Structure formats: structure tokens, C-alpha cells
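Read left to right, the sequence shown gives residues -23 to -1, 1 to 1067 (mature numbering (1 follows the signal peptide of the UniProt record, and there is no 0)).
In case anyone wonders, no lab produced these hints; they're calculated from the structure. Note that this is a predicted model, so its numbers are computed, not measured. Ideal Cβ positions, reconstructed from N, Cα and C, are used throughout, including at glycine. Misleading hints may appear alongside valid ones.
To be verified - Here are the simulated lysine-lysine pairs, DSBU-like style, with alpha carbons at most 35 Å apart:
1) 584 to 462
2) 679 to 577
3) 236 to 258
4) 792 to 699
5) 843 to 862
Unchecked claim - Restraint-style ranges between C-beta atoms, simulated for each label pair:
6) 1042 to 796: 39 to 49 Å
7) 820 to 592: 32 to 42 Å
8) 74 to 790: 41 to 51 Å
9) 134 to 981: 39 to 49 Å
10) 564 to 820: 45 to 55 Å
11) 74 to 246: 45 to 55 Å
12) 816 to 560: 22 to 32 Å
13) 134 to 238: 52 to 62 Å
14) 815 to 740: 34 to 44 Å
15) 449 to 72: 29 to 39 Å
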Amino acid sequence: MKAIIALSLTLFLLNGAVQLAECAETATTQQPVVQEEVSQKYWQNLAEDRFTKDCRRFPSLKEAKRAKNVIMLLGDGMGMPTISAGRFYSAQKYDQNGSSSIHPFEYWPFNTMARTYDLETMVTDSASSATAYLTGTKTRTGMIGLDGTVGYQQCGVWPKSSYTESVLEAAVKAGKATGIVTSTRITHASPSGCYGHVSFRDLEDDSAVHKMCPEQAAAMPCQDLACQLITYNPDINVMIGGGQKYFYPDTVELPSDAKTKGTRLDKQNLAQMWIDNQEKKGRKYCYISKPTDLANCNADEVDYILGLPYGSHMPYTHELTWEEPTLLQYVQTAVKVLERQKQGYFLFIESGRIDHAHHDNEGRRSLDEMAHFDLIVTYLQNTVNLNETLIILTADHSHTFELVGQPGRFQNILGLDQYYSQHVSWSCSIATVPPGRTLIHWNSALQTNDKMPLQGLNYMNGPNGLTNESRKNPAVLDTYAWTYKQQTLVPLSFASHGGDDVGVYATGPMSAIFHVTVDNTMIAQAMKFALGVEPYTNSTYPCEGRSQHHIAMIKCAFVCALLLVFDVTHGLPEVDLPQPPYPIKEEEISPSYWESLARKQIDRANKQFPEWASKAKKAKNVILFLGDGMGIPTLAATRFDQNFTDGKAAKHSFEDWDFGTLCRTYDLETMVTDSASSATAYLTGTKTRTAMIGVTGAIKVKQCAAYTAEQKTESALVAAQKIGKWTGIVTSSRITHASPSGCYGHVAHRDWESDSKLPCNVNQPCACTDLAFQLATEHPEFRVIFGGGQQNFYPKDAQLPSSTSSKGNRLDNRKLYEEWQAGQKNMGRNPLYIDSPSAFKTANFDGYDSVMALISPSHLPYELDKPEGDPGLYELATQAVKILKKSPNGFVLFVEGARIDQAHHENRARKSFAEMHEFDRAIRDIAKELDPAETLLILTADHSHSFELVGQPSRFQNPLLQDKIKGSTTLDKKGMLPVGYMTGPGAKMNTTRENVTAMNETYLLGKDTQQQALIPIGWATHGGDDVAVYANGPFSYLFHSTVDNTHVAQVMKYAICAPPYENEPFCLGCGSLKASFIVLIGLVVWSLFN
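Using the sequences and the hints, build the whole thing.
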């Protein structure tokens, strides 16, 4: 360990902080593994099972031809928060202020997610992940190209039977051209996954072998990565990256930097060895030994390139001088060479410095690298033939980086949060508050407890962590500087990775494989499958014997061309904090704007999937499952908290549904939505301002008025009622809370749950109405209303049946529960009102055709607090389905796992996990009870949270307990937890964090224990990263690529032929005719071009 630390310090002094961090990243000990997962055949069998199922599921796969070429794009460390934040960074970079610049790959036909844990840990490192996505087999943390039968840092000659074969190696054997282009050292973890086989990722040259195995190094010739690349891979056509020092003797000055010498102890000049080999074979080649050499390398003539223009990693894009090529220019050279090769090719491209900047807590640098990566994507999709080239873009892992708070869309993402950084009241003065009323946050801006501003971009751990001090005031710091380090909680010399799923985007032949969540090993298996290389040669093709047909691809030429027009060095203007009412884009106010976007995406999907569109029938039933605050990190963490004793990751039931993709969540005003504006989006199909429900952005926040029909937005449930379907709402929150009220409500502020919260004088006419009143009196068509919030339906001071210690809060003295019953009877129904948990348990629902159950004064108790035997979300949801199944015309149901979110707001991860598992159980059992041919199931979240799964926790431990690996390397010697929060009450105010090593297991597993947080706020903020969307049943294919959250509501309406989609051809009985016509046109066009 001392030797490793000494090596780290030396590298730090010579080459900067990146090298020190790499050693920190691999500070691990060999940990237990699931034995069956050690076998390479295990992962191949999983892939073959998936291919067989998909071949049956997708006719396009049955008829698809092999891909001639495969390009894999890796955004190292490019987790979903980076992708989300990158949209706003790019918009500001290219003078599109207030917009969200959609990444070009989001328009590709298939977008989904990949699980990233490795054999040992919940949070992978770059080496084990490279082994997974490039060879198709999981391995131990820190190892490359070897399976788990080899031990971490095992010395000696590694058995060839333990080698895992990469896509590149298989492609070479099949006679295809190959290439590697990276902005890191070419011997770094990710690119070396293409060719390397080592038990420790740091074995980049022979000097590292001597340090790791001093006694056995002599018997380990050419087991370092640089030597392996040159000696054992003579037929790779293009090899471009940094790391020149590892290819030259320690006595030789580097061509790229005369002040620096090589590092090799064996005195071999690997670069010259490569040149000699090319000469011997009579090949046309060029060697790029410094950046200016690229200009002399004619890609139209040469067939082989070795590019080592820098001693270590390439510089960040913004650091390049005018004469230094960008990563894009190196990629363009590689593609020109490979496109000339007749047998096709495999190309691996890595934007590696996205990751490095994150490790250093330098958010601007990382987002700028992401913006440049977009330019590479744009170039590729406008250059290569997408009919014969499969392109896959993904990340190896996420990071501890997060977009939180509520930064405005018109402010700079690098600046201060407009909501949480205001220190003045903006709504109204105390004098204007009507007497006798309680207005939540009516007179105070959202603030941090320490009264210091909040930034939207922060890190869970890293070099800017709190080392025995409290957080600094970002208002006095230059947050726009390239080297500015965002605020961070846990101090590590190098930030750890994140364990949340990463995005996977695919276009080209066989891209349909990525229609739903995959393991990262599936990426390599799919590439081999698409190329037809081992182990998926023609003789083992699961879809063998079918006719061939090409898959239609989609280009986003207009958007991509815009990106290429702008100078990549364009500056980022500083934007002053706006004042309310916050600015919005006027064109986004109208519901017709969002309907138009949805129609375009639906039409695109119908043309892309004619076989699905031709068979699609109007859905009889629709259920929207909403996991409130159920971000992707929550999905990842809850795979491990119950089954950690056997180390197996437990998939959620919905991960095997037909489709799974990603969803953008920002609202009209902010980059990070709240639950009210998001509910308006995913339930009505229109974005609105933060905190508003069911009204358009034409209304200002807290504007009390009698809203016109044009100012209201219509939910999918209300639209369903118009066509005769039964509808229901089930939630574990108050029935008048933000999310469920999106089913029926129209208010300019989410807090207007009862008349006591309205901005009107008591006993005086009020232009606006509260949510409880609207539900009970204005929406009698709902057949099922299950949840909490009884207090909003009872008069002030009236004792509540659900809790005799609680009272109602209505100032108008109306008994809305009685008015609801009377209204139901007037409609000829037989209603049932249930007023307590005990009444729900004993109720006989037979004979009733409408039921309201308000069984708690406020929210339902957390699952971990609920009295044994009392009904919870599971019982309410399953009973609701039994009632709604009585409808002859079908139903639409909204089910919300609300307290996942509320526990996160409290920084109580264990409670959130328990809510997640109960929610998952309800989804699983309800799905079993319904016919998938007639029921569309959709699962999503309204937003993510400031919650993260980080570090390097073992798969055999509870993620709530200490991270023994990364925890031992914290700079403050206080250890760390695998889970934590960016914001919330778990943060310490004006002091440093607590000592994790002093916390015992009983405390850490306590249901009320609050995990550590960075920024002290009484109620943790949301996260701005994309959330997952899963769909199964009729029209589930409409969720094949990244969508806006408004698309969820639009698809629900479309699937049941509700307004405004009642006149679609399939609704009128001629859907198959239209689909057949589309297929016919497609065949004609294909014939013309082929």
C-alpha cells in the first residue's frame, strides 16, 4: 500500500491530479462474488435468451441483416445528471438561453438504460465496466479482460482460459478493420478494454508490473497494456490516444515533449516496433507523435495509424491551442480510414475527460467535454451509412455529480440557484395574509438553513469535500472559472463513481435490442451479435433462416447541423438571477405546442414500427404507476438493500416489460421540476410553471382567478371519463397533494389543498377554489378515490374518524365527504365512503360502484411506521383494480408511491427504500391480474432526487452501512456511506460532517436515521436528471426513445382514443389499413433505394 501511495504522489507531481486519482479509484481489496456470475458462459446465456425473446418480439429483428460496421461511443462518467445538465450548458453555450438543447443521440430510435455494477461492488470502476461493455463478461473491480477466476492484482502469468474476448478482438478475427480513439491515455482503463488482459488496471507499462509484482516481474514479460497493444494486436487499423510515455524507454525523450522521458524499464521502444512492423508488412501508415503530425497524415491513403500525440492524457478541449487537433478531428481521421475498408469495421470512441473533470469536482470542464462529444455524435450520424452501421452510445458509470435545487431555465447553470438563493420575500406581505389562514411558504422564499446560496451543480464526494469545516459561500467565489470546484460533501482525493444506471442510445441495424433496460454486458454481446462475430457466427444466429430487411433509421440533421455551425470555444455569458414571475418561453405555454410535439413523435414511432402499429388496438385499460421521487439512483440502490446476503442484484419487476426509456422532466420555469408542474406535464400533457397544477403558463404562480377553459389543462383521466371509462386515483399521500391532484385539479399553487389555504378573506367570495372542493364537487366521475388528506374534507375543529386526535381544517364548514356521497347518489350510483384504516380492512366492496377512502388525516404512514395489519399502498392499489375491473368499457387508474419521495426529502433512505419495495410489489401483482393485450401499463417518476449511490460498496453488504473501501480513503478520516444526499436536513449547519466510523450498525439501519447531506435545507430538493419510463402492452412501443414528460399523458390519451386523439384511424376501425399502407410505402421506398 505504501508503494502504491508513493507511486500516486510521484505521478501527481509529474502529470497532475488525474494520475493520483486513478490509484485512489482502484484502492480496493478482493471481495466476495456470486460464483455463477464468474463464468463467461453465464453472461452469454443471458444474452442468448434475450436475443431469442427479442427475435420473437420484434419482426424487424427477424428480418434484419447483420451490421457491416459498429461504432461504440463512450462518454466516460457521463451519468444521467451530466446528460441533463449538459442540455442547459449547451443551450447557453450556443446562445439558446432558456432552451434545453436536446442531445443528438436522444433522437435515435432506441434509448434505454444499463445496469453497471460489477462482480464485486454495487458501484463499478472503469476497468471492470470496460470488461463488461466491451467483452460481455463482468469481472472484479480494477481488472481488465480477465474473468473473476483470476484474483485482483494477481501476479504471475494469467491463464488464457480466463481471458475475455472483446468485440474488437472478435472483429479482427472475422477480418474486419478496427479502431480505437480516446482523449485519455490509450492504455487507460476504458480503451484498454478493447485489447488488454490485466489483473490491475494500473499495469500500463512494465514499470507498474515491477511495482506490483517485484519478485515475479521477470517471469511476466509483455503483461503490461502498452506492450500487449503493440505486440499482440498488430492488425488494429487505428490507435489514437495519449500515453506516449508508456511506449518509450525511460532513457529516451518523448517526441511530444522533449522535457519528459519514457517510463519503460525494459528499454523497448514500442512506437518504433510498431513502425518497423508496418514497414515489414508493406503497409501504408502514419505515426502521430505530436499534435501537429495529424495534418501530415493523409487518411485517404493510409490504412494504419498509431497516434500518441501526448505523454499522458489529451488536454481538455478548452485548453487546446489553435494548432492542436480536437478529439473530433482525430475521430474524423479514423472514420475516413475505416470507411475505406471493404469488410466493414468496429470503432471505439471515448470522450474520457468528462470523467476526469468530474473526479476533480470541476463541473464546467465536464459539461464542456460533453458538449464537444455531441459534435462527434453529430458528425458520425451525418457521415456513416446508418443502414449498415450500428452506433451505440453509453457511459461506463455515473458520477457523484448532481443537478439539484430549482435553477431557472433562463439563468446560467454554473451560477446560483434562483429559488434557493433569494433572501427576500416576493409573494405578498404579512399584512395581506387573510386572518385565520395558514399559508405555507406564502411569505418566504425558499432558503437554505445556513442562509448561503445554493448552486444547481454539486458533488457527493471529491477533492473539494468538507475537511473539518463547513461549506463556503459560493456567492463570493468565481463559479464560472474553468477550475472552479463545485461544492462537495465527503473529502476524497478523487471523486468516486455513482452506482445509478446509465443511458444507452442506439441507432442502426439491430438497435431494437436496446428497447428496455439491459445489463452492461449486453452491450458487448449485442455488438458481437450484430456483427456476426464469435460467439454469434451465422451458425448460431438466433433469428437464422429469416429473410433480410433493413431497419429504417432517423437522422436529426437540422439540430445536428446547428451544433456544428457554432464555434466550440464560444463563451458562457453570466446571467443575473431573475426575479419572479420567472421568464418562460412563450411558445411553450399552449397545450397545442406539446400536442404537436407528441404527434410528431407518435407518427415517427408508427412509421418506425409498422409491425407494432399494424397490430395495435385501442387499449381498454391504462394504469400509470408514479414513483414519486423515484430517480434512477433509487432504482439502482434498491436492487441491493434486500438481497445483500447473497450478493445478487434483484431486478425490479418492471425491468422486464416491453419497453424502457428515459424522460426529461424540466418545467416551464426551471431545470429541476417540482411535483406540481411535473404532474401537470405527465397527467395533462402540457408543461406549466413551478408549483402550479392543471393550468397553463398563461397564469402566474398564486394568481387566484376563475380560470377559463383555455387556461386549464385536461388530464388523461378526465379525458377518459368523456369516452365512458371508469377512473381512479390511489396514493399514499394526501389525495389533494401535488401528484394526485394533477388528475383533476386546476390551481395556481399546489398548497391550495383546502379553502383555509386560499388567498381570500374568510366567508367572502373567492375567485379560485381549493383542490378538495374541486375533487368532491366538480369531478363526480371518479369511481375510486383512495388516499390520505381527510383533514381537507372536514370542517375546522371537527374530529377526524381516521385519527381522533386530529381535526379538519375547512373554514367553510362544508363536509365534502358527504357532498361527494350525495353527488354519487344523484348520478344513480351506490357509493361507499371509508373513513379509517379499520373501516377499510372490514369493508365489503361488493355492490358498490364508486368508493372514496380517506384513511389518514394527512399522508398515509410510512410502511415502516404503519401499524401492523393496517392497509397501505399495496392494499389500496390492488383493491382499486378489483373495483375498476367492473367497468365494461375499461378504466384508467393513477397509482402513486408518494412516500418514496417524502422519505428522500427527509434524508431517510431506509424509509424510502421500504416504500419503493411496497410500490414494486403492488406493480408486480397488479400486472399479473390484467391482460397485457388490452392494458397499457406505464411506470415513471415525476423527478429524481438529490440522493446518490456512490463509493465502492460490496454487493454483499447493506448499502446503508459503511463503505469500507472508499471510506478508508477519506481525507478527514471520518469514513463514508454508500448513500447520501446533496441537500436536506441531514446536513450540518455551519459545521463539518459527523464521523461515520463512529456510527454503529443499529444506528445506521435505524428507520429514522438521516443520511449525511451537503447543503442544509429543511426539506431536500429534487434532482434534475432524467427519470426512467417503462411501458408494457398496447402502444408501449411509443416509449422507445427519450421522451418529454408531457409525452406520457399524450400517449395515455392516444392509446384509449380520448380527446384530442379520438379521430385517429385505429380509433375509427381502420388502423390496420393505415398501417398496411405505411408498410407498403416503406417497401416501395426500400426497393427504389436498393
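Range hint 39 to 49 Å (beta carbons of residue 1042 and residue 796) holds or violated: holds, 42 Å
Assessment of proposed distance window 22 to 32 Å (beta carbons of residue 816, residue 560): violated, 49 Å
State, for the Cβ atoms of residue 74 and residue 790, whether the hinted interval 41 to 51 Å holds or is violated. The hinted range 41 to 51 Å holds for residue 74 and residue 790, with Cβ atoms some 50 Å apart.
Can you confirm whether the C-alpha distance between residue 584 and residue 462 stays at or below 35 Å? violated, 46 Å
Hinted pair, alpha-carbon criterion (35 Å max): residue 843, residue 862. Please report holds or violated. Since the Cα atoms of residue 843 and residue 862 sit roughly 28 Å apart, the hinted pair holds (cutoff 35 Å).
Can you tell me whether the CB distance of residue 134 to residue 238 sits inside 52 to 62 Å? violated, 29 Å
Does 29 to 39 Å hold as the CB distance between residue 449 and residue 72, or does it fail? holds, 31 Å
Check the hint pairing residue 679 with residue 577 against an upper bound of 35 Å on the C-alpha distance. holds, 33 Å
Do the alpha carbons of residue 236 and residue 258 lie within 35 Å of each other, as the hint requires? Holds: residue 236 and residue 258 sit about 33 Å apart, inside 35 Å.
What's the verdict on residue 792 and residue 699, does the C-alpha distance respect the 35 Å limit or exceed it? holds, 27 Å
Is the distance from the Cβ of residue 564 to the Cβ of residue 820 consistent with 45 to 55 Å? Given about 49 Å between the Cβ atoms, the range holds.
So the hint says 32 to 42 Å: do the beta-carbon atoms of residue 820 and residue 592 match that? holds, 40 Å
Checked against the numbered hints given earlier, the structure breaks hints 1, 12 and 13 and satisfies all the rest.
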